[in-house]
Each structure stands twice: as structure tokens, then as C-alpha cells.
Amino acid sequence: MSTVDRPLRIGVLSFAHPHIEAYAHALRAHDVEVFGTDVGSFDAGTVRGRELAERMGVEYLDDVDAVLDRRPDAVIVTAENAQHAELALRAIEAGAHVLCEKPLTTSIDSAVGLVAAAEEAGVRLMTAYPVRFAPSFRALVQTARRGDLGEIVAITGTNNGRIPLGDRSWFTDADRAGGGALVDHVVHCADLIDELLGEPAADVFATANRVLHADRGVQVETGGVVSISYPSGVIATIDCSWSQPDNADTWGGLTLEVHGTEGSMRIDPFADHVGGFDADGGVWSPFGVDLDQLLIDEFLAAVRESRDPRPDGRVGVRTLAIVDAAQRSLAVQAPVALNPAAV
Amino acid sequence: MKAVMSSSTTPLRVGLIGAGGISHAHVPGWLEIGADVSVYSLAGAEGLAAQYGLTAVDSLDQLWDRVEVVDIVTPTATHHELALEAIRRGKHVICEKPLALSAAEAVEIEHAAAIAGVRLFPAHVVRYFPQFAGARAAIASGRIGRPGVFRFRRQSAAPAASWFFDEAISGGIVMDQMIHDLDQAEWLAGPVGRVFARLRRSDAGPSPVVTAQVVLDHESGAISHVHGAWGNSALPFSYSFDLAGDRGVLRYDSARDDGVRLAIGIQSSGGYLPVDDGSPSPYTAELIDFVHAIRDGGEARVSPADGIRAVRIAEAAMRSIESGLPVDMDAGGQPSDALPTLIGAQR
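Residue numbers (numbering that gives the first Met the number 0), protein chains in the order written: chain D, 0 to 342; chain C, 0 to 346.
In isolation and in its complexed conformation, chain C is listed as follows (with noise of 0.2 Å):
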């Protein structure tokens, strides 16, 4: 991507709320976009700014008035109030995924953008990694044929800060951790159809651990499994997928990405957030993506439908989770741009 700030001679005014964790994925792309950056947190916003040469501020009441565009990156149960105050206010509003902990929450900031006319970007940053964005391209050129049975694996060492375990603050590792693959499946292989999924979690060892087995059944005939992690403490962070057709296979591990060795005395198991292997940052391709579109008026590589769509998946694995029974999926709220079509018009 082209540098964003060609256009305007004007720094873009952000608003960052939330000084945790994937602040600091994102603060590097907003530096490197040339954003006039303040920051507003219950705790930390001062360290982050003092980090990175942001400004603090002690309210959002202070925050809105220095601001055009809103990056809400705090935990996943407060999205929907600060979403909807800062629509409120007239802000686009860029929200870490998921959107809300639930569909109709979702969908209540996407009506109110709409009714405010500001944009809104549910941040699936995994849409701007160049393993998926690239598995897309071959899908979407034919490379695989039509999608077939496809896998997604993600798991990591259980997050440290202990919200991610509270389903009222982060809906879970479904919803929180899974939601990444959900879309992906989707993006990939076309709506989703019908969702079977197990949980189990223990509390048996040292820490909690949790992993979840999600069963897509796509419109399409595709098959897709998605399994996630919170694992061990010394888990690494990992993903992968396969992604198979009638015409071939597309596969990655980052487990066996061998761009970079690194041999270092420091302790660097677990995190759940990808090592910094040098290549540009996916944080700062969708930021860049987003400030494209606010300023041209265009569509994001992530639509808010996209960002319903996620959380109606995941509600309805966790559905499945309680009941023991698969869940079909409501027909309200495709997705935007299903690969199916795509490939449909071109065979």
C-alpha cells in the first residue's frame, strides 16, 4: 500500500482507547501513518504515550475533542458503549474484533454509522496477513478449485490478563480468540451454513486452559474446522491452515515458517500475539487500509457486515456449545463478498 498521508498535508487526528496488550500492534501503524495520536485508558495511557510520544488525556470527554477517528482497543464487553458514544459524536469509529459480544449489539453501531454517516471498521487484522490474503488470491484465481474440506488451527499460552476467561468480558475464546478463523472460513469458503462446536476448559493445572472445536457446514457444500487454543504456559503462539479443493491443497504453518531464526537467552514462549519476524506489520496494512477508505470514500478490505458476520458465527458455535446440538445459521446478514461467487463467474 501507497503512503496514506499523500493526499493531506494534515496529520490524522486519532483517538486510541485502551492502553492494553493489541495497543501496541496498533501505535506503531498510527506512527508510521503520521497520526496525531491521544490516548485515553482507565490504566496505562500515560506509560503508552510516554512509549511511543502520544499524548495523554484524562477523559473521553477530552479525547473526543481532539480527535476525527476512533480506534477502540479495549476489551471486548465495552466495544458497543464507547462504539456507540463515539458514532454519537460524530467519529469513524475503528473497533478491535469483535465488534460486540453479540450480533444485535453489533448491529445496533452499524445502523447507528449508518443513521450518523460515519464509517465504521471491525478490525480483522487477519484479513491483512499475506499468508490469508494470499490463500484468497489462489482460491479466488481457481488455484484450488472449488473449496472442499478446509482446517484453521490458532493457539497460543492462555493470555495473562484474566478477562479473556470471563465470557462476560471477552464472550471466550469463541468469541474472542476463534472469531479470527470464523471469518476466515468465511472469507475463504463462502457463508456459513450450519456450526457444530465443543468446548472444554480445565482449571485442573497451573493456570486455566481452554480449547474449542468449531464444524462449519458452508452453503456451498465446503466443509470447514476450526480449533483454538489457550494452552500451556509454554505453548507458542501458532496458526495454520489447509485449505483443500478439488483441484489442490493450500497450506501454512507458522510453526514451520523458518524466514527468521532467532536464538536469544530471553524467555520468549507463549504471548498471543505473533513474533515480530520483520515483515510489514498486519496491524498497519489495516490501519492504512481504513484511513484509505475514510478518505476516498471506498470500501475496507473488512465491511461491518463482516464484523456481524463473525459474531453471528461465533454466537451460534457457542450456541452449539451449550445445547450439544448443531445450530443452523439464520439467513439475515451475509457476508459481503462470498469467494464462492467469485469463483462460480470465473469457471
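Same shape as in the complex, but just chain D (with noise of 0.2 Å):
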């Protein structure tokens, strides 16, 4: 295994997803050159393409291809969910690893072929989950494998939010993001259970509807939930909708409850704020790691060392299945077994 002791390249693959800002922060950290171009349909009004990449500092460049024919030695892709595909598989050909925002992709094919793209290729996958660097999370995780929980029976997750509504029109477009508030949200969730659990879901129940911002025209789901069995025995929950109203102090945030059979735990990730009120109303400073750069950090420590990141590319396609299993059941009104490609 050698180790990369120059400036890393690093290629920017869309600025769709708004996280792309934060992760272009957290690149400053490091001695890295990043440049990148935009890609999808822009909302009118909003900041993105060249500009936006001037702001983010970011060499902005015209294409896919020539961001490409730079050899990145790592891609990021931040891309409408319909697009992850396409583009990282581009990235993985040019022989770039490759950070996917989350969902991994928008199907479960595309998904298992990237990943198997990415291995027989020779390069590194990871998916964009930076909830798995909360400390609170590695705190339950170690609670957890000391056995301090005993046996782990039952887990309540929420990811409560804001709708993406407003710059980024397609989070609300079945087709550019794979669907609404399921697709969205129930990944976070289901992948801090996939590393607490270290096993597939076995099967999926779903119900979800459409009563929050009904009056706006949003065509997807809004509100859900989800409830998955494991094979162990342990049940999940996960309530994804976007029920965080916009006037909220906050975005939303993330909640993790575990029952196992000697202690419970229960962690708020994004909890921790100094609260008030200034002239406009309620304030909301949030204080803690920067998990976006916790992310970074490991995605690059992982390139440097020739090693598989964690979170990786396959447990993107473990929690896109639940999601691709909440979706089947939704069509069927029954709990589905998860489709057995994706395990």
C-alpha cells in the first residue's frame, strides 16, 4: 500500500447538493487542489455553476470532461440522486475514487454495479453519511460493543427536517431525486443502524403521505415511516418526513434510540446549541465537530492510504435497499424482503 505525499487533486462532479459547500470548506483543511464544474438544470435566482464555485474556491472548469482529463486522484460527486450514477461511474473509469453523496445512487442495479465498478477498477467508494462521525454516535456505538446495552431488542430513529424546497427544486422531483421525503431521509438513520447492527435489514414495512406542504404542489411523499426487522430479532423505525416547519430555529436534526436488554441510549446529534432570541426571533448556534469535515478527513486519509473508507460504497447499496424496500412496500401495502442483490 503506498500513501500520496503530493497535493491531492480533486474533482468536483455537480454542485446540486447543497452540501458541497460544507465539504468544500472542510477540503481547506488540507493541502489539496480542487476544481470542478456544474451539472443539472439550475433553479432560477439561485447561486450555482462558476459563481457558486467562486465563492466555494473552486477552479471552475466547463465540462465532466474536463475536470476528468485533469486525472483527479479522487472525485465528488454532488449530483441530483439521478445523476450519482452516471457521474461516479465516469469518475471510477477515469480512475478517480470517488465520494457519492447519499443516496448512492437511485436503483439498486446501478448501485451494485458502481460498487463493483469501483472494485475492478481498483478504486475507493464511499457514500457521504457524516452522521457516523457524530461523537455522540461513536459513543453508542462503543456502549453498545462493550455490552453495556446487553442485547440490543429495539431502535427508534427519526430524521425530521426542513422540505428542500426553495433553491433545489429537484429534493421534491420523483425523477431527479428518486422520490421525496423516504429517499431523503431514511438513509442517515439506516445507516448508523447498519454499523450499530454490523447486519443487513431482513424486511421493510412502509407507510407514507402527503399532508405536509400539501399546498405547495410537491408531488413526492413528505411524511413516512419505516419499520424494519433485522435478522437478529432487533426492530427499527425510522420517521423521515419533512415535518421540521421553515420558521424552526433550526434545520431539524437526527435522534437515535436503542433498547437493548441491560441499558438504553438515546443520542441527538445535532442537539447541542447555545439557544436565544435576537431581534428576529429564535437562535440557534450550533456548536460540536464539524462532521462534514470528520467526513473529508477520512475520505482523504483514505486516499492517501490506499484504503477502503468508512462508510463505504457497499453500505451505501445496504441502505439504499431499505429504501428501495420501502418503496416496494408502499406499492404492495405489505412488509418486502430486501432485495438480495444488495446483501
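Just so you know, the hints here were simulated from the structure itself, not pulled from any lab data. Just so you know, not all the hints are guaranteed correct.
[Unchecked claim] Pairwise CB distance ranges, derived in the manner of DEER restraints:
(1) 296(D) <-> 323(C): 34 to 44 Å
(2) 298(C) <-> 231(D): 43 to 53 Å
(3) 340(D) <-> 298(C): 54 to 64 Å
(4) 31(D) <-> 322(C): 51 to 61 Å
(5) 136(C) <-> 339(D): 44 to 54 Å
(6) 323(C) <-> 173(D): 24 to 34 Å
Backbone N, C-alpha and C fix where the C-beta goes; we use that ideal spot for every residue, glycine too.
Starting from two chains that each stand alone, build the complex the way the hints lay out.
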């Protein structure tokens, strides 16, 4: 295993997902050269493309070919969900390691194909699950692995946020996002549970509705609950609803509550904040470690050290498989087994 | 609520059946009301009577002669027989939730009470918790708009009395503990149309642990999910809700309630009932409401139909746990006052 000592060349494919701003900021802590191009159709009045690149300190190139022609060591794909597979595959074929925004893709087949392509090309594939780096989640994993919770029996996950309307309308477009709240918000909790239990899900039941934001013309599900069983007998639910009001003090949050035979533990990784009031209303000033920084640190370390990043592409497939099963469950109104190709 | 005894100078004669854990939540209410309380129980009646200044009696027959209202606080499996017997004797019946172990039995109790012309009150005390009553008032006034996704959680250390774990006696966690929030889901978001549930019990630890997760689809299109846990011995009692509508969210978590801080050297973890924080007891509020309804013939906040309905939803959840499939609620037995109607009328 060789390590790379020179500055890494990082290409960015698409600025569709606003997380790219956090990743670009995190990259500044490293000895890297960052260039990229924006892909996808922009909403009117939004800062995208060259203008956003300048703001982020990213060198702007004309198109995907131009980015890949620069022979990047690694590529960050922050495209619309439906474009992940194609762009990540092109990066892999160009010999670049890939950090792909979640969800990995919008179909099990394309996700499995992506993992296989990366392995064949000898490059690393990472799925962007920053919550996994939360200190409270690390503490939960350690507590569970120490045996302090006993045998885990049940998990309740919530990931509620504001509806991503406004300057990124693709999030609520079924064709471009692959679905609605189920696609956007199930995978983070699913990833944490995957890491905690170390086993893929067995079957999934889901229900969803479109009560929240119904008056805003949204055509995808805006509320939903997914119920999951695991082979060890653990039961879990994930509330993925876009239920945080627009005028709330913060974007939303994620919680995970775990019950075991000898202990229970609940984490709320986004709870830390200084609160108060200013002239405009409530103040929510978050503090704590920068999870996006830790995610980028891990990706670059894996690239430099030629090792698999964690979370990897495979967990991207397993978590996508829960979304896929949830969508199939909605169609048949019954629990469905996970797609075996995903596990 | 105003003092209930103002309309009468004769103390209400109440027969308490049972002297277990929950009797200690009911008795202070009866004393506040000024009731004359007789207690019968297979065990513990003398001790309870001595503690609170009640009259212990040795048999149900002695009890019937002394009282006009009975308050049944026994394990669930006995509710049906005791309620029917009390109704036959012409007594008004207050019965701890669940009203019975099955909806069929609950309906039988309701019919018997209707025929006998006595009142029947399933004691769904959570409707008298100001947190839930406040949420209902806010929803009814349109504060959060149309109910979208509602979440309820209730957890504690596993009850020490082993009968809670015996499904034949208590109905298990869904019927005994989660029925509170199943009732709330319907009280706050309207009739439930479909139920899906999973349950997990483990005896691998020092004491049994059981958890269940119930997902409800309401007829209005709203979703509720209800989480219950009888967990490890250190798990404090807590409950919470997160009620998202299309215009806002209502939240409460008793674990984050900061109204009282207590630091004493006594081991206070565990326990399946709320800690006394000095606020008026919802159990007392519930009993006062029932007595008012008896005295003036009006409706209480919880009706026999509500009690039956809660058992029906719990039964559907248990059928779902058994089959692994979602279960449609049958059309029979609608709740007494569904909120979406109220909301619809206002918007």
C-alpha cells in the first residue's frame, strides 16, 4: 500500500447538493487542489455554476470531461440523486476514487454496479454519511460493543428536517431525486443502524403520505415511517418526514434511541446549541465538531493510504436497499424482503 | 375543575376493587373529592386502608352493600367479570384501562351498563394529562393545521409485578401500556384505518425487556407511530410526543421537562408511573370528571366507546404482530369525538 504525499487533485462533479459548500470548506484544511464543474438544471435565481465555484474557492471547468481530463485523484459527486450513478461511474472509469453524496444511486442495480465497477477499477468508493462521525454516535457504538446495553432489541430513529424546497427544487422531483422524504431521510438512520448492528435488514414495511406541504404543489411523499426487522430479531423504525417547519430555529435533526436488555441509550447529535432570541426571533447557534470535516478527513485519508473508507460503497447499497424495499412496500401495502442483490 | 362536592352534602360512597400499584394514584383523588372509600382486594386491602384511612372489607358482597360507584383497579384479565358483576348490582363503574382484554368483552360491558342504566368510564388518564389536553386544544384551534405525522413514545423500567408480562392477564405491553398512546393517536388525529406493528421481547438480560412499535394510518391520511418500552431496570419513566401538521409542530418530552429538579439520596430510577412534580394529579382530575358526569348526567372526557375503540386498535396491533401484516380496522365502533371533524369545521 502506497501513500500519496503530493497535493491531491480533487474534482467536483455537480453542485446540485448544497452539501458541496460544506465539503469545499472542509477541503481547505487539506493540501489539495480542487476543481469542478456544475451539472444539472439550475433553479431560477440561485447561485450555481461558476459563481458558486468562485465563492467556494473551487476552480471552475467547463464540463465533466474537462474535470476528468485533469486526472483527479478523487472525485466528489454532489449531483442530483438520479445523476449519481452516471457521474460516479465516469469518475471511476477515469481512475478516480469517489465520494458520493447519499443516496448512493436511485436503483439497486446501479448501486451494485457502481460498487463492482469501483472494485474492478481498484478505486475506493465512499458514501457521504456524515452523522456516522458524530461523537455521540461513536459513544453509542462503543457503549453497545462494550456490552453495556446487553442484547439490542429495538431502535427508534428520526430524521426530520425542513422540506428542501426553495433553491433546490430537484429534491422534491421524483424523477431527479428518486422519490421524496423516504429517499432523502431514511438512509442516514439506516446507515447508523447498519454500523451499530453489523447486519443487513431482513424486511421492511413503510407508510407515507403527502399531508405536510400539500398546499405547495409537492408531488412526492413528504411524511413517512419505515419499520424494519433485522435477522437478529431487532425491530426498528425510521421517521423520515419533512416535518420541521420553515420558521423553526434550526433545519431539523436526527435522533436514535436504542433499547437493550441491560441498557438504553438515546443520541441527538444535532441537539448541541446555544439558544436565545434576537431581533428576528429564536437563535439556534450549533456547536460541536464539524461532521462534514470529519467525513472529508476520512475520505482523503483513505485515498492517501489506499484503504477502504468508512462508510464505504457497500453500506451505500445496503441502506439504499431499505429505501427500495420501503418504496416496494408502499406499492404492495405489505412488508417486503430486502433485494438479495443488495446484501 | 371546581370542587365536586358542592352540589351534595352526602359523601360519595366508592368501592375500590384492588389495592396494587395504581390504587395509590386513585385513592388521593377520592380523598380530595371527599368520598367515603371502601376497599376490597385479594391482597393488600388492609394496608391500603390503614395508609389512607379507608375501610377495608372482606368480600365483594360486603362491598356492594356499601357503595354506589366502584373503581376497578385490578389486573386487566379481571375487569370483565368484576365490571359485569358491579353493573348487575346497579353500580356505576370506573374501570382502569384497558376496559377489557378483548373488544368483545369491552362491548359486552358497555351493553350491560347501557341496559342497567348505570354509567361506565374507562379510566384513560392520559386524556387528563395537561400535556395531552393542551395538545388537543391546540390542534382543535388549528394551530398546527391538518395532522400529518404524529409520534408518541412511552417507556420505563419493566414493571416489577410479573403479571404485566403475562399476556393472558395484562394483554402485554401493547394492551397495557401503549393503549394510552393508541388512544391519544385517535383522540388527536382521528379514526385509525390501518395498523401495523412489531414487538420484540428478550429474556436474555437480568430481567425481561419488551418493546413494540405500532404504525397507524388514520382515515384522514395522517400517520401516527407509537413506541412502547418496558426496558432495563434503570430506564426512567418518560413519555413524549411530536405532532407535525401542515402548519406547525407540537412537541413535549417529559424527559426534558425542567419544571422541578430533585436531588436526593434515594434510588429513584425505574418505576412505571410518573414522578410527583407537585402539579395537580391527572388521576384526580379524571375521577372528578367522572363524578361530575355521574352527578349531572353529562359526558365525561372519555366515553365507553373510546375505551372499546382503544382495545380494538390494540387488538389490531397484536394481530399484526402475530401475522406480520398490516391489519385494517373494521368500520365498527368509531371514536366519540374525532378531531379532524372539528378542524374541518373551522377551516
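Hints and how they fare:
1. 296(D) <-> 323(C): 34 to 44 Å: holds, 43 Å
2. 298(C) <-> 231(D): 43 to 53 Å: holds, 48 Å
3. 340(D) <-> 298(C): 54 to 64 Å: At 57 Å between Cβs, range holds.
4. 31(D) <-> 322(C): 51 to 61 Å: Hint holds: Cβ distance 55 Å, inside 51 to 61 Å.
5. 136(C) <-> 339(D): 44 to 54 Å: For residue 339(D) against residue 136(C), whose Cβ atoms are near 50 Å apart, the range 44 to 54 Å holds.
6. 323(C) <-> 173(D): 24 to 34 Å: Since residue 323(C) and residue 173(D) have Cβ atoms about 29 Å apart, the given range 24 to 34 Å holds.
In this structure, none of the earlier numbered hints is contradicted; all agree with it.
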